[in-house]
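Participant: These are the residues of each chain, in order.
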Amino acid sequence: MKKSDTPVKIRSNVEDMVRKTMKDFVDKEVIPIAREYDEQAKFPDHLFKQLGDMGLFGIRYPRDAGGSGGNTTLYCIAMQELARGLMSLGATVAMQCLMATNGLYLYGTPELHERYLYPALKGEKKGAFQLTEPDAGSDLKAVSTRATRTADGWVINGMKTWATSGPRADFHTVLCQTDPSKGLKGLGFFLVPSDTPGFSFSKPFDLLGTRSSSISEIYFSDCHIPAHHHLGQEGQGLSVLLKILAEIRIMTASLALGLHRAAMDDSVQYCKQRTAFGQPIGNYQLIQAKIANMAVNLEAGQLMVDKVTHLIDNGRSCLNEASMAKYFTVESACAAADEATRIFGGYAYSMEYSVQRYYRDNRFLLYGGGTHEVLQTTIGREILSK
Amino acid sequence: MKLVVLVKQVPNTTRVKLDPKTGNLIREGLESIVNPDDLHALEAALGIKEETGGTVTALSMGPPQAVDALTQAIGMGADKGILLCDRAFAGADTWATSLTLSRAIRKLGEVDLIICGHQAIDGDTAQIGPQVADWLGLAQATYVKEIEHLTPADPDKPGKPGEIIVKRRLENGVERLACQLPALVTVIKELNQPRYAHMERLITACTDKADILVWNAADIGVNTCDVGLEGSNTHVIKTFTPNFKRQKEILEGSRQEVVAELFDRLKKSDTTLSGKFQGRPS
Ligand SMILES: Cc1cc2nc3c(=O)[nH]c(=O)nc-3n(C[C@H](O)[C@H](O)[C@H](O)COP(=O)(O)OP(=O)(O)OC[C@H]3O[C@@H](n4cnc5c(N)ncnc54)[C@H](O)[C@@H]3O)c2cc1C
Ligand SMILES: Cc1cc2nc3c(=O)[nH]c(=O)nc-3n(C[C@H](O)[C@H](O)[C@H](O)COP(=O)(O)OP(=O)(O)OC[C@H]3O[C@@H](n4cnc5c(N)ncnc54)[C@H](O)[C@@H]3O)c2cc1C
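Quick mapping for you: the protein sequence lines, in order, are chains A and B.
Residues in the first sequence are numbered consecutively from 1, following this note's numbering.
Residues in the second sequence are numbered consecutively from 1, following this note's numbering.
There is no bait here: all hints are sound.
Not the full set, but computed from the structure, chain B residues with beta-carbon under 10 Å of chain A:
#1 H198
#2 M199
#3 I212
Derived lysine-lysine pairs resembling BS3-like cross-links, with alpha carbons at most 25 Å apart:
#4 A:K272 <-> B:K248
#5 B:K160 <-> B:K2
#6 A:K49 <-> B:K49
#7 A:K49 <-> B:K189
#8 A:K28 <-> B:K145
#9 A:K122 <-> B:K209
Some but not every residue of chain B turned toward chain A, in silico, with C-beta under 7 Å:
#10 P64
#11 V67
#12 D68
#13 T71
#14 Y196
#15 A197
#16 E200
#17 L202
#18 I203
#19 C206
#20 V214
Quick caveat, the hints were computed from the structure, so don't treat them as lab data.
We put the CB at the ideal spot given by N, CA and C, even for glycine.
Bound-form chain A, shown alone (with noise of 0.2 Å):
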């Protein structure tokens, strides 16, 4: 009998395997539910429970600080999938992964961690992650949002909007405003949590897309927090917010790729199973078509995107290509779904297909992550500026 001549060694893609689970677990869990929580404006905290279970939000975080030991790159295999059962849940995961927890993890001190970064990447507890004021989207030097410092720490006082998960968050990694006459260079970020004395939200918005997202208005009238709460050095909020730029541009193009795919899946499935003058609507070639736009721009941003993530993780700059990547796909993403709206003819325009809902999430991504306008501006300017 022959014993075999080397010991063989097996072992399977890490890559593929995040993407199998999360697949798994959107055809599973999410997108049997995705069309009710839609409709009834209801945020799933049973699935956001469950995925914390599994050590999802600590993808892009070592073992060490409590993570699951991965990287950028299955962080967005991740919420590929994620997007692609339901886009509000995707967000809310990304953003807790990522925005919400990545100053905290970086900067907080033991007890922090202990206290805030740990429950939340457990999923106990949850983030959220504030710029936008309601008068400083884009421009973020027009931030007002004042941290003042005090005898043992620091006084925040201002208003910031568009916070998502915003009123349903343990704690909020805000950036402020602590010296006007400094513009960028006097912001920081603060940890508030929600139980800060002075801290309170509005009512949550009434959206066209993302619709189980919460977000609202969020008031802070003399918060009153420890030294510690702030997440780095004086005036670095700037730097703070550039070391994952290229991350979250990344993440907002993933969660585009994830819409797109579920556009595109929905249609073909619909081009076979319709048909009209006798045949299935798949064999026109206008049609055909369509699907081939759709196939040709997935392939070009999923590239794109694996690109980026492979960069971030091998720790190279690559902010202008997460960019256009980011434009790129988002774009893509909206044009596959106006596409969904027209194969799938006058049913489009019924709420009983997710086709809609894919047409309206969409929209949310060309705002976060950087509106069109101001990338394609950045864009350009930097490939001038060489």
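Based on these hints, arrange chain B with the ligands on the given structure of chain A.
Facilitator: Same frame as chain A, but now just chain B with the ligands:
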């Protein structure tokens, strides 16, 4: 408790296509998944481990890519995986498959409980569990829908074996059964709700740190002529998809005539609409 779970990687479809020439499954282009029943087997084992302690070993026979089934098992909480992978195992029928699996289990040493799925969605025979139990001379309970009670063997009382009490789903009822350990059970979906893999475990399971071994025929001490195609006692002569052609007939006449004719025909035929067909409408 030392628990072993048999997991099979299967194509993710219930509409399996067969190669008309060889009669084998066409696996190309199909995504692979863990056989659905086996996820319930894993969940059961993990639940027992959490309650009584012990180890869970996932065992699979299949091609190199079947390692994904073991990675998922470890991601869910299994301690280790063993892949039985050898060209000699290819083309096995259920006899050869169960022989191979049982030899590997024997190599694992003393085992308290073997849990497998009731049935694989591709092969569909539901024979592997019972056959493995037979090769190993173990008590078996199939179609298990509930594990009511499990008492591990008490090391302080040698000679007193552990016991498992299960409920089996029968066609028209439920059977309660007690088996001495070691035993083998095959489980059905009703048993539990399988968990999803935990990201940290899953990610680690894809690295060199994962406890996944690959065993070939020599490793488990079988002759290559006893396993795989050569060791199979059955031989597939032909596999085909039954061709049910819809027989269409269009009844002609006035609406009343057509409806009366239709009801007469249905009555004469064996066709059951919902329950027994009774009478004509007024
Ligand atoms: C569903 C949803 C969720 C959100 N969640 C969050 C959140 O959790 N946290 C948060 O902080 N924010 C959030 N936002 C806000 C989002 O980040 C902002 O909408 C975005 O930054 C754009 O700001 P604005 O809406 O004020 O638009 P503005 O900046 O006022 O822009 C208005 C228009 O002017 C254009 N424009 C602006 N500047 C330029 C320029 N320099 N050149 C050319 N054109 C320009 C823009 O492209 C746009 O067309 C959310 C938004 C939505 C819709
Ligand atoms: C003559 C013949 C030739 C065949 N040739 C081929 C071939 O060339 N290629 C091919 O792919 N198939 C072939 N098969 C099918 C193959 O034998 C069966 O798929 C296999 O024996 C398992 O049977 P089953 O799928 O019916 O499993 P079941 O008995 O329905 O499965 C029950 C449970 O047993 C366990 N189990 C089953 N199989 C495995 C496994 N491999 N590893 C771990 N646990 C397992 C699982 O827990 C599963 O839930 C052949 C079958 C015959 C009869």
